[in-house]
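Sequence order for the protein chains is C and G.
Following the working numbering from start to finish, the first sequence increments by one per residue and tops out at 56.
Following the working numbering from start to finish, the second sequence increments by one per residue and tops out at 301.
Simulated from the structure, these hints should not be mistaken for laboratory data.
Quick reminder that beta carbons are idealized off the backbone N, C-alpha and C, glycines included.
Careful, some of the hints might be misleading.
Each pair of labels, with its calculated beta carbon distance range [said to hold, decoys possible]:
id, chain 1, residue 1, chain 2, residue 2, range
1, C, Val25, G, Trp293, 19 to 27 Å
2, C, Trp36, G, Ile224, 45 to 53 Å
3, G, Gly176, C, Asn39, 47 to 55 Å
4, C, Trp36, G, Pro208, 16 to 24 Å
5, C, Ser53, G, Ile234, 58 to 66 Å
6, C, Ser53, G, Gln76, 43 to 51 Å
7, C, Leu29, G, Leu87, 30 to 38 Å
8, C, Val25, G, Gln241, 17 to 25 Å
9, C, Val25, G, Gly107, 18 to 26 Å
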Amino acid sequence: MNWNSWSEFFLMGGYAFYVWGSVIVTFALLAIEVLWVLNARGSALEWVKAQRSISE
Amino acid sequence: MMGFLFRFASPQAFYRLAGQIIPWLVGIGTLLTLAGLWIGFFIAPTDAQQGEGYRIIFLHVPASWMSMIIFMAMALWSFLGLTFKTRLSGMMTSALAPTGAIFAFLSLWTGAMWGKPMWGAWWVWDARLTSELILFFLYLGYIALTSAIENPARRDKAGSIWSLVGSINVPIIYFSVIWWNTLHQGASVSVTKAPSMAHQMLIAMLLMSLAFWAYSIAIAFYRVRTIILQREYDAHWVQSLPEAQ
């Protein structure tokens, strides 16, 4: 275990801006991608249902 | 054996297979991420020269590796699609591109976040950084090109040629640190030699790489299932899907 306290952990030895700036952007973009992909599937399913109604 | 593989070239068969695999990948990916971040941020020691700043490595290297691997995967699917004329190949190539683009961006972003404190610069026109930037543009180019073509067969073909030609950039990125004088450091990890980093750092880096790999496959499978729905919508099997009622 490297850290003596949570504040030491958040400070990252003075590199907080760079380390957390990397972590936050990484997980934010990946989370957005997941939401995007879930949303796209929902839209596609709605569209498939609509196509069936049109052809019936 | 070939019959077994070719069975999954059918969108219907692959839709079902991918749907079964995704939950496993999500589970494995989650565990790998938790383990990788735990070891990387709580177990791996401080670096003698870079202090705690080096921990960006646990995101930067996996993202960079995935950005390269995904483009090679796109090239592979493109080659298969052009050879066997399988529609699914073009769909998989398209399904991979956005994730690859995101990882290329993250490689550049986390690299800049690491470079500023360590090199004193957000960016340098070094061979590796420049070729990775080109890779990012190649991903965007693939997405733009394929979005602009309505006919699916022509879209797949154009995208395939773009992916195959563009894939030459991946070995350039890989060898850039050997071929040119670069600011970016050379390889610390190789298949043939012992690694030049502390083993807890290496383990965390490998766990995060596997985690990003599991994520990429899961997301690409999820995305290709949506593409299949859109392109095969008038097929009877799609109309009969429980989720499409």
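Results for each hint:
no.: 1; hint: Val25/C - Trp293/G: 19 to 27 Å; in the structure: 40 Å, violated
no.: 2; hint: Trp36/C - Ile224/G: 45 to 53 Å; in the structure: 30 Å, violated
no.: 3; hint: Gly176/G - Asn39/C: 47 to 55 Å; in the structure: 41 Å, violated
no.: 4; hint: Trp36/C - Pro208/G: 16 to 24 Å; in the structure: 22 Å, holds
no.: 5; hint: Ser53/C - Ile234/G: 58 to 66 Å; in the structure: 60 Å, holds
no.: 6; hint: Ser53/C - Gln76/G: 43 to 51 Å; in the structure: 29 Å, violated
no.: 7; hint: Leu29/C - Leu87/G: 30 to 38 Å; in the structure: 21 Å, violated
no.: 8; hint: Val25/C - Gln241/G: 17 to 25 Å; in the structure: 22 Å, holds
no.: 9; hint: Val25/C - Gly107/G: 18 to 26 Å; in the structure: 21 Å, holds
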